[in-house]
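Visitor: Here's the letter readout for the chains.
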Amino acid sequence: MVLFAVALANVLHEPISSESVLSLLVFLVFIFLAEIWPIKWAGTNNEFTMTTPVIISTFLALGTNQVIVVATLSLFLAGLWSQYSQSCKFTVSLACWCFFNTSLTILSLWPASVAFFACGGEILSRGGTTTLGLAYALLVWSAVWATINMLLFTHGAALAAREPWRVVIKQSLTWYLPNYLVIGPSGILFAMLYSQYGIIGVLLIIAPFIVGRQALSQHATQLDAYRDTVTTLGSYMQYYHPYTKGHLERVADFADAIAKEMHLPPNSLMYIRNAGLLHDIGKVGVNEEVLDKVGKLTPEEWELIKQHPARGADIIAQLKFLDPIVPWIRGHHERPDGRGYPDGLNEEQIPLESAVIAVADAFDAMTGGPEDKDRRVYRTPLTVDQAIDQLRYGAGTQFDERVLKAFMRVMARRGIGNG
Amino acid sequence: MVNDIWTSPLFILSSLVTLGVGLYSFVYSRIQMGRAYRRSLMTLASAVETKDVGSVGHGERVARYVVAMCKSLGLSGREARRFEYAAFLQDIGNVSVPHGILNKTSNLTQEEFETLKQHTVVGAEMFSEIKFLKDIAPIIRHHHESWDGSGYPDGLQGRDIPLGARILAVCTAYDSMMNSRAYRPRMNEDEVIRQLRADMGIKYDPEIVETFLRMQKKFR
Chain V
0 MVLFAVALAN VLHEPISSES VLSLLVFLVF IFLAEIWPIK WAGTNNEFTM TTPVIISTFL
60 ALGTNQVIVV ATLSLFLAGL WSQYSQSCKF TVSLACWCFF NTSLTILSLW PASVAFFACG
120 GEILSRGGTT TLGLAYALLV WSAVWATINM LLFTHGAALA AREPWRVVIK QSLTWYLPNY
180 LVIGPSGILF AMLYSQYGII GVLLIIAPFI VGRQALSQHA TQLDAYRDTV TTLGSYMQYY
240 HPYTKGHLER VADFADAIAK EMHLPPNSLM YIRNAGLLHD IGKVGVNEEV LDKVGKLTPE
300 EWELIKQHPA RGADIIAQLK FLDPIVPWIR GHHERPDGRG YPDGLNEEQI PLESAVIAVA
360 DAFDAMTGGP EDKDRRVYRT PLTVDQAIDQ LRYGAGTQFD ERVLKAFMRV MARRGIGNG
Chain P
0 MVNDIWTSPL FILSSLVTLG VGLYSFVYSR IQMGRAYRRS LMTLASAVET KDVGSVGHGE
60 RVARYVVAMC KSLGLSGREA RRFEYAAFLQ DIGNVSVPHG ILNKTSNLTQ EEFETLKQHT
120 VVGAEMFSEI KFLKDIAPII RHHHESWDGS GYPDGLQGRD IPLGARILAV CTAYDSMMNS
180 RAYRPRMNED EVIRQLRADM GIKYDPEIVE TFLRMQKKFR
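Protein chains in written order, with numbering that gives the first Met the number 0: chain V, 0 to 418; chain P, 0 to 219.
Please keep in mind that the hints were generated in silico from the structure rather than gathered at the bench. Keep in mind that a hint or two might mislead.
Unchecked claim - Selected chain P positions facing chain V (in silico; Cβ < 8 Å): (1) L18; (2) M32; (3) S39; (4) T49; (5) P97.
For every residue, glycine included, the Cβ atom is placed at its ideal position computed from N, Cα and C.
Can you make the complete structure from the sequences, with help from the hints?
Guide: In structure tokens form, the structure reads like this:
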């Protein structure tokens with residue numbers, strides 16, 4: 000906050016012309032828009048914003064004090080905006096929280112600028128030219144900015160998600176680093192346009208960027224919609240029995256909760272619900288007299304049942320939007336001791352996601368859900384504690400121990416069973 | 000100086016690149032993903048077809064006839080796509096019909112026939128809950144209605160039956176008679192045509208049958 004005040008004072012101290020006020024305003028709007036319109040990358044769970052390149056260009060075009068003032072104000076407004084659009088009300092504490100968030104930005108902007116000048120960088124509007132030296136200084140600027148930002152941000156994120164630091168940092172590195180490298184240079188582009196053509200140059204370049212952003216987002220939304228539609232239809236197709244509907248949804252829920260508890264990678268988290276809903280799709284088209292048989296199965300019938308994970312994987316392999324879950328579906332009846340089917344994989348070979356689905360599936364099949372109609376004809380349901388005992392009994396042989404531990408933690412948190 | 004911007008290589012290049020990325024992803028999502036989506040739905044439908052030994056490939060062939068019919072009836076592309084989706088997804092409701100009934104070689108009992116009839120209702124219910132497939136639900140529900148009102152599940156008559164369902168009924172009947180079923184062998188083409196003509200105005204919309212027979216030679 001002190002920094003913000005100092006920067007504001009410095010900005011006001013400089014001679015004010017209508018041109019400079021206009022450019023401050025334009026960059027303010029620019030950062031605001033970049034922040035509230037994240038770009039979704041189709042087929043992943045990640046969003047990115049153009050905020051970084053726009054802040055770089057603001058800095059290059061206007062200078063340290065100006066970028067601090069502009070960035071703080073616009074990020075603060077953007078924070079308020081997104082909070083408001085979520086909850087539709089303003090409170091003082093909310094504003095304070097937003098301000099705290101944005102003040103983190105300044106903490107990283109200022110040292111970054113200092114480092115930039117220390118490396119011989121020069122602001123474009125003050126005679127700086129685009130040379131290798133500038134690129135080098137910019138690299139230092141981005142490195143300092145990104146590092147501090149990431150440390151502050153990941154600390155916040157780790158606090159919010161109750162996840163260990165290590166995991167969050169690893170996730171940010173694999174996602175944000177390539178991102179910075181790809182979209183960072185466009186910041187230099189904006190700044191060059193500004194220094195050559197003034198504010199008009201920046202305004203004109205915004206239009207194609209908005210079109211591009213719109214198209215990318217449309218692409219991502221479309222992909223999500225397609226994937227959801229295919230998943231929903233696939234799950235409905237398994238409803239040949241009234242109990243299946245509730246079962247699939249509960250398996251998806253449990254699998255989702257366990258996967259989050261285990262900190263599986265973001266893409267696994269994105270698809271785990273789909274996998275939970277579709278895990279038994281290989282049973283579609285199989286004679287239901289075999290599936291529901293109360294007595295002992297003949298060897299041929301057992302063979303037929305044992306094919307369902309592979310059949311399901313074959314079906315899903317042809318569904319373009321669900322590629323990652325194919326091995327998960329195929330492996331959901333494998334056992335760590337190697338006695339599962341269809342491939343008899345051992346503990347290291349079984350995808351972790353398959354193991355997650357196996358536990359969720361087994362638990363829900365044993366307890367049979369909260370309502371009578373959800374219960375299976377051929378089996379008396381167990382109580383939650385009995386089911387947990389059964390799972391424990393199979394730890395390391397039938398079920399993956401890491402998954403079971405996470406499952407117990409989820410159950411304890413939900414207050415189900417005696418944990 | 001500002002006027003220079005239009006000819007500035009920097010500006011032109013960056014605009015073109017961003018617009019290019021946008022255009023590419025837009026076209027890609029429309030065409031490529033649309034195709035993948037269609038293929039995915041077809042895969043799901045064919046997973047159900049394996050249940051009824053005689054019907055493998057049925058949905059896909061019928062979908063082809065329906066598209067050709069829509070073209071010759073002068074329907075819009077949007078409508079044609081809707082009817083096409085309905086064509087290959089028509090029997091997904093069969094998931095609710097037991098294996099034994101679908102593959103029975105003798106006549107069905109009254110009770111079994113009632114269960115079989117349910118596939119139209121089950122299918123329509125499924126689709127009515129899916130946002131992007133809601134609009135095909137009525138076609139699925141009514142694709143076993145007859146022109147004279149003797150069909151199921153609602154006994155609709157004449158033009159009360161949705162157009163898509165009327166087209167689908169003719170195309171489905173043609174394809175299923177041309178192929179063998181659990182309860183009867185395949186019929187030859189002349190017999191099929193005679194049968195379709197005989198049922199004009201009873202089971203099928205006469206105009207649709209006329210159109211179908213005019214272009215039927217292409218389907219062989």
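Visitor: If a hint holds in the structure, say so; if it does not, say that too.
Guide: Here is what the structure says about each hint:
{"no.": "1", "hint": "L18", "result": "5 Å, holds"}
{"no.": "2", "hint": "M32", "result": "6 Å, holds"}
{"no.": "3", "hint": "S39", "result": "4 Å, holds"}
{"no.": "4", "hint": "T49", "result": "4 Å, holds"}
{"no.": "5", "hint": "P97", "result": "6 Å, holds"}
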